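K.L.:
Next come the chains, spelled out residue by residue.
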Amino acid sequence: MATVFSPYAWLVPAFPFVAFAVLTAFGRSLSRTGAWLATAGTFLSLVLSLVIAIERMTGAAEDYRGGYEWLRIGDFSLPFGFEVTNLAALMLVVVTLVAFLVNLYSLGYMKGDDRISVFFAYVSLFTFSMLGLVLADNLLLLYIFWELVGVCSFLLVGFWYQKPEAKAAAKKAFIVTRIGDIGLLIAILLLFWYMPDHALDFVSLHNVFDPQNGGTISLGITTLIALLIFLGAAGKSGQFPLHVWLPDAMEGPTPISALIHAATMVAAGVFLVVRTFDVFEASQAAMDTVAIIGAFTAIFAATIGLAQNDIKRVLAYSTVSQLGYMMLALGVGSVPGAMFHLFTHAFFKALLFLGAGSVIHAVHTQDIREMGGLGRRMKITAWTFGIGALSLSGIPPLAGFWSKDAILAAALADRPWLFVVGAIAAFFTALYMSRLFFLVFFGKPRGEHGAQAKESPGVMTFPLLVLAALAVVAGFANTPWNGWLGQWLTGNAEADHASALAIVVSVAVGLLGFYIGWLVYVKGAVRRDVLSSRLPGVVRLLERKYYIDELYAWLFVRPLRALGDALTAFDTHVVDGAVRLVGAAANGIGKLNTRLQNGQLQTYGLAGLLALVVLVVAIAGRRFW
Amino acid sequence: MNTLQWSDTWYLAPEITLAAFTIALAVLDLMLPNRTNRDLVGWLSLLGLAAAGVFVGWQMYDLHAGGAASAAHSLLGGSYRVDDFGNLLKLAFLAATFLIVLASLGTIRQAEMPIKGEFYYLVLPAVLGAMVMSSSGDLITLFVGLELLSITSYVLVAARKTSGLSSEAAFKYYVTGGTASAFILYGMSFLYGVTGSTSLSAIGQGIGPALADYRAMVYVAFFLMIGGFALKLALAPFHAWAPDVYQGAPTPVTSFLAVVAKGAAFAMLYRIFLNTAMYASDQINGSAVRDDLFLALAVLAAAAMVVGTTGALRQHHAKRLLALSGVANAGILLVPLSLDVSNLHASLFSEFFYYLVAYVFMNVGAFAVLSVIAREKGDEAVSAFAGLYHRAPWTAGGMTVLLCSLAGLPVTGGFFGKLFILFGTVQTRAYWLAALLLATTVVSYYVYFSFIRQMYMRSGDTDQGLRVPVPAGIVIWLSVAATLALGVLPKLFMGWIDDVFSILADFLF
Amino acid sequence: MSMLASYLTLAAVLFCIGFYGVLTKRNAIIVLLSIELMLNAVNLNLVAFSKYGVNPALTGQIFSLFTMTVAAAEAAVGIAVLIVLYRSKATVNADEFDELRR
Amino acid sequence: MLKDIPVLSLIALIPLAGAVLLLFLPGRRSTWPRGVALAFTAIPLILSAWLFAGYEPILGGKAFAEHFTWLSIPLNAEAWGPDAAVASYRLVFDYRLGIDGISLPLVLLTGVVSLMAAIASVHIRKRWKTYYALFLLLQTGMYGVFLARDLTLFFIFFELTLIPMFFLIGIWGYFGREKAANRFLLYNGLGSAFMLFAFLILIATLGFSAEAATAGGNAFSFTGDYEVLLAHLSDPNAPANIAQPGNAMYLSDSLKWTAFVLLLIAFGIKLPIFPFHTWMLKVHTEAPPSVVMIHSGILLKMGVYGLIRFGAFLLPEQLDAWAPVLATLGVINILYGAVLACAQKEFKLVLAYSSISHMGIVLLGIASLNEIGLQGAIYQAVSHGLISALLFLVVGTLYERTGTTKLDELGGLARSVPFTAGILLTAGLASLGLPGLSGFVGEFLAFLGLFGSMKALTAVGALGVLLAAVYVLRSVLGITFGPMPERFIGMKDARFVEALPMVALAAVILVLGVYPSLLTDLMQHGFDGLLKQLSTKAGG
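Residue numbers (my numbering), protein chains in the order written: chain A, 1 to 625; chain B, 1 to 509; chain C, 1 to 102; chain D, 1 to 540.
These are computed hints drawn from the structure, not numbers from a lab. Do not rely on the hints blindly, as some may be mistaken.
Claimed, not checked - Cross-link-like lysine to any residue pairs, in silico, SDA-like; alpha carbons within 25 Å at most:
| id | chain 1 | residue 1 | chain 2 | residue 2 |
| --- | --- | --- | --- | --- |
| 1 | A | K111 | D | P483 |
| 2 | D | K345 | A | I175 |
| 3 | C | K89 | B | L165 |
| 4 | C | K25 | A | V614 |
| 5 | A | K163 | D | E66 |
| 6 | A | K591 | C | E99 |
| 7 | D | K455 | A | G74 |
| 8 | C | K89 | B | E118 |
| 9 | D | K406 | D | E178 |
| 10 | A | K444 | A | Y552 |
| 11 | D | K455 | A | L224 |
| 12 | A | K163 | D | P483 |
| 13 | D | K345 | A | Y552 |
| 14 | D | K406 | A | H573 |
| 15 | B | K491 | D | E178 |
| 16 | B | K491 | D | E66 |
| 17 | A | K379 | A | Y521 |
| 18 | A | K163 | D | L407 |
| 19 | A | K444 | A | D367 |
| 20 | B | K161 | C | R101 |
| 21 | A | K163 | D | R487 |
| 22 | B | K377 | C | R101 |
| 23 | C | K25 | A | V613 |
| 24 | A | K163 | D | E178 |
| 25 | B | K161 | C | V84 |
| 26 | D | K126 | B | H390 |
Unchecked claim - Some, not all, of what chain D presents toward chain A, calculated at C-beta under 8 Å:
| id | residue |
| --- | --- |
| 27 | T278 |
| 28 | C342 |
| 29 | I372 |
| 30 | R415 |
| 31 | T458 |
| 32 | A459 |
| 33 | L466 |
| 34 | P516 |
Unchecked claim - To be clear about the criterion: a stretch of chain B counts as covered by chain A if any three or more of its residues have a C-beta under 8 Å from a C-beta of chain A, and this derived list gives those stretches:
| id | region |
| --- | --- |
| 35 | 223–234 |
| 36 | 240–249 |
| 37 | 294–300 |
| 38 | 471–480 |
Values in this document were obtained by computation on a predicted structure and should not be read as measured data. Heads up, the beta-carbon is just placed ideally off N, CA and C, and yes, glycines get one too.
Use the sequences and the hints to build the structure in full.
P.N.:
Quick look at the structure:
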């Protein structure tokens, strides 16, 4: 069935871009209206993408591709086009929806900030780039938008540029992700030279790496390419060991954390892997790497999350951990699982961040030890946050449960030990979420602001409600008994590895974790410092995030600085010294001449005589002996 | 017809004119009462120089009147030749002297040179000597010309009677000059010995056969002469006297020494080497005497370029600096002659002469500027140029052009002169010379731009305008114009040289 | 030929003595004289060659006449210069004439 | 209509005319000189834009070639010597201008940057007349370099840029200006000396050709005409290619190598290639910003251009053989420059070293020896020109206000001068190769091209991209972000004259980043000749 709306898909990113352009052009003059304008732009794209998505859901419209030639050199040409697939359609909806809600939310959250128009300009730019990334039909174009979203994230993390932490965090975010980007870049270079007729678009990627007509590219190269792509993905999606930037990125305004560092951009890595999944499938080694890194990240980040006291950092580490889950899913070959989790996670994690934002808005602190007892004062926030927390902890029947279960099931089917890891991570997840939730909303107010905290305005609570609703229902898009989403995404009916064991375990660990949390932080049945008193080392280790940052400082930052200083010395003394030496040499000869000029005529004559003798001996003399 | 005919006097017209003017002016100078300004004598000597120049030009026209590509008139049994080589150089010398005298009018202070008249009429015999050197076909005439030039210039150097420096310079110049003459003469005597003749052409024919049994003596002859000439031309390391003498001598005399005396010595060198040394090789037992001799010249040229340029690096006295730059330039001027004359590279004289003319203009101009400044500040250090940009922007600009030419930067005569010489070296694959030439050129940037730094980037003690005497101004701007013209349209001049000059008719006869 | 050889040797010796004098003598007068000595060596050479050289002719002797004349003129100027110099410096020590240097 | 007027000569010489005109105008106040300078800077830009419009890659700009016989110098008109049949040898230096896909982008770059620098020269406080006269003279030199099609002419224009630069640095520079000026003059003078040496070798061999026989016999000539040299290069019957004893014009391999190495050093100094880079540090720090815009924006590109135009086209075998060396040098440049840029405490030095790093990328492009890489090299040259010009424009603007360029004395300027800070950030992002800005395209193409031949080296070089992010963010954020010292409170943001060129340059950078075909289409057939040469070498 021919598609009607897909040809207009390019409009989806266009709206936010227009908003961005207008805001940058005359942002200062229209501060608040500008904000509304940006929101409106996002809303338009939301509508359009919904239309597209619905169209594709109702009837299986074939993929649509459009675009023009960007750059032609000799007989190489680099096209510039967009492609609408079901995957893209889904991402469009997710991105635009979250973006719209965040815009709405920010209207309240950022009120009174004198650079609000700049803020919305950045957000619109980000939305544009993210949508472009989703729609890109070839790797190069994807890379371009990939970098753009990176920059937007950098700009927004550093939005409060006067805070040194924000500055540092922004720098860190950019540079660390850049490491991954280089991997991706090299992967693109490799593909360009190895692909038949230098094609970089995903369709030909799919065809070339398709198992039946495979073998065009050697396994080694394929693995290399896959790993490099994954390096890029790891950078963006904060996979170990490139996860360090994500928690620091929480220096940015909270809505940004929700939009970029929870729902959309960080998921771009997962999206990238899905987009190039054929390459991965062609190399088992790559798949293993993805799976193992993913699983490790999941449990690693979860453990750190247990010991953090900054509400946003806890959520950040949980994001890292969840992204790990998605990678794990991909590693074990379940694209639907990954996409499904990405889908649900976008909602409940955005919900959690926005909720956290509303809390921070109320109490002006991010330290959960200074909060508490907010449940009574901020009902909506508390309830929605609770839903989000439960959903994340995988308590049925909330969305998080279904998606996480899908992943665990896939892992169990593929490699049981990964399933175990995942389950433990799930337990930790539930634990730290309950800790967070109970510490914030239960008990007595601890911080000075806690007492007179009040509920946030409507523009901020409305998105919470919407997201909460989604966090509840989104899960039914793909339940063990109907794998609709998976089918819709991948086209072929996914062999769903629904297994009772997986369900039981995931439910069990979820509930257990939450229960323990309740015991410790509400009922006080177990003393809080039970761990920190018994094995302080472990707690310290977790609080300091396994000393990864320090490790990097030792491994890279200091050596670079040292090398820089060493080379500076080298440059000034050796290289430039050589130059000066040449000059000195010329001067030296000159000095000899000055030495000769002693005013004594007879000295001059003597010099002449010697010279003549030498000349004669050297030139004529050689003829005689 | 070995005796002097009346008809020959016409060919000697330029020389005779100069001689006549010399005597007349000497007498006039005696007659004039002391209080009258001697500039009159100066203008008259200018007239004499101009007249001689006209005659030379006329003769050149005559030589080519028949449309003959090139001809030469030899008189007094071939001991004196009126040919294009000679005429071209004569023109150059006369022009240079003309400019120098013109510049000196109004810039020489009475205190500096008590009896200016002497200077004005002693310049003439000096030029006469130079002209004789450039157009003799016989060792004797060459020697006489050389001595005429040298002796008069001894006196000129001493012209600043009152100053001990001047006379010390004169003494040094005298001793060096005398020694040089002695060497040259001694060498000549051997040349005469092995060939039994003093006429260059005869020597040229005789020297090849003579090699068979007198090879050593030929070597001695030529190396003695080379030593003498090296001393005269102040080629390193025979150059040490030059800075002293240049510093001590009055500025106009300095520039005369730097330009005319040098040029004349080169003329003599060309005469001797192209007419005799060229043939100092016999095919029978192929002894490479000729190659050795030219190689010796090349080595001397290289040494001069290196020592002159680097020495100038550490020099802060403008005149001494220009003296050392003169050493370097002498080296450059020597390069074309030192290159192997083959059918591919017969352009040595064009290259030499082009650069010589460029050198004349840039040097005379620079010395004129220097004398203007020195006259006003009484200080001849490079730092005397400080802030010239503010005091006389146009003069500063002109000086900049001249310096660029000295440094061999486009688009100036100096640039193309060096370019042609360079091309010659590369053509004959004398890459080592080319490399040295380039290297020294780069070093010389620093030397010459030290003036520019002073003029533009330092501020002098005073900022009130600098008064440039009209004659000096004319000279400066003539030189600048000529330098630029040579730089923008080398074709005109180079083409003219090529039309006029023929290596076959003038040498190798 | 041996005749010629001896003359040439004598001339060479003279020349060397002269040059030696130029280079070493402190007294400026002596220096001037040494130059004359060198020129005389040349004259000797020329005359010898014109007598015993290849195709003997008078040219050499004539040349030597020229040389002498010129040398005389030169010497005159030299002495004059020296006198002027003596006026200002009140010495004839060649090695004290080093006001111009560096 | 374009064909009728000598548009190239106009482009090259109009600035000179302006300079001459300036000498006769009053220079008391800045108005007159400035106005004239702007006018005479704008005209060539317009003309080159016109050129851009009328240029057809297929024709390779033959339509615009200009030629006046300038000087053909008789070396020797004698029938003399061993072969008496020879009538004359002539040395032919002609005035030849031409344009093609390689030079046109650089000409445009020259136009844009010069105009912007002229506008940005408001910061010049003294001797306007002299300043603008020299400024115009400099332009003539630069245009000439990119347009000349005769070796000698090229050299003359190349030298012509030295003198004005010496003055511009030495008179209007900062504290250490004289030293910097000297360093510049001597170092570059050395470079041009090397170049001249190589050129003369080529002229004396490749440039030798027989002309129509005259009455006196055959006439021969040595010429520096680029086209002739190219023709002889591939012509087996050219004397330069005939190896027989006594053939003085034979261009032996050793000679070729000599020439190649000489050229490599000559242009390596301009580029600059490590270790010949120290001179440009001084220039970057000591020269006035508007001059550095020209210097870093255009003069360095003359090295790139020369290396491709002569090193590559005239000596393809040597380039082919040395491609790995060039690539290695490029990688060294990239990493060395980047690491040092990370360690600097003076913003100008950061920029200087970053230039070194970026020029390394150009080297990579050249070393790739394929069309992508070569185009990438040119593209990178152009974009780096624009970016560094913009950066130094900002530097000048900031220095005007803060009086310092030390990183540790600056900070938080985004608050007091948000616009300038924003531009600075943009320029920084462009220079670290952010897609969508011109920097990325050049970088990407260069890497892409080289990757075809040398994968490992390229991968190593790509680390430079990471380091670029490090040093750019370190310095730019150091200046704009963080808490702001009190003394910067109440600073005025960029005036209109300052903002105008900033916006213009930023716009060009953006356009080139979004729509690179604008330039690459020009270069389309620019390298065909060279590539054919290389392929034949590979084949035979």
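K.L.:
If a hint holds in the structure, say so; if it does not, say that too.
P.N.:
Hint check results:
no.	hint	result
1	A:K111 with D:P483	holds (23 Å)
2	D:K345 with A:I175	holds (20 Å)
3	C:K89 with B:L165	holds (10 Å)
4	C:K25 with A:V614	holds (24 Å)
5	A:K163 with D:E66	violated (60 Å)
6	A:K591 with C:E99	holds (19 Å)
7	D:K455 with A:G74	holds (21 Å)
8	C:K89 with B:E118	holds (23 Å)
9	D:K406 with D:E178	holds (21 Å)
10	A:K444 with A:Y552	violated (40 Å)
11	D:K455 with A:L224	holds (13 Å)
12	A:K163 with D:P483	holds (7 Å)
13	D:K345 with A:Y552	holds (23 Å)
14	D:K406 with A:H573	holds (22 Å)
15	B:K491 with D:E178	violated (37 Å)
16	B:K491 with D:E66	holds (20 Å)
17	A:K379 with A:Y521	holds (20 Å)
18	A:K163 with D:L407	holds (18 Å)
19	A:K444 with A:D367	holds (15 Å)
20	B:K161 with C:R101	holds (20 Å)
21	A:K163 with D:R487	holds (19 Å)
22	B:K377 with C:R101	holds (22 Å)
23	C:K25 with A:V613	holds (21 Å)
24	A:K163 with D:E178	violated (42 Å)
25	B:K161 with C:V84	holds (7 Å)
26	D:K126 with B:H390	holds (12 Å)
27	T278	holds (4 Å)
28	C342	holds (5 Å)
29	I372	holds (5 Å)
30	R415	holds (7 Å)
31	T458	holds (7 Å)
32	A459	holds (6 Å)
33	L466	holds (5 Å)
34	P516	holds (5 Å)
35	223–234	holds (count 5)
36	240–249	holds (count 4)
37	294–300	holds (count 4)
38	471–480	violated (count 0)
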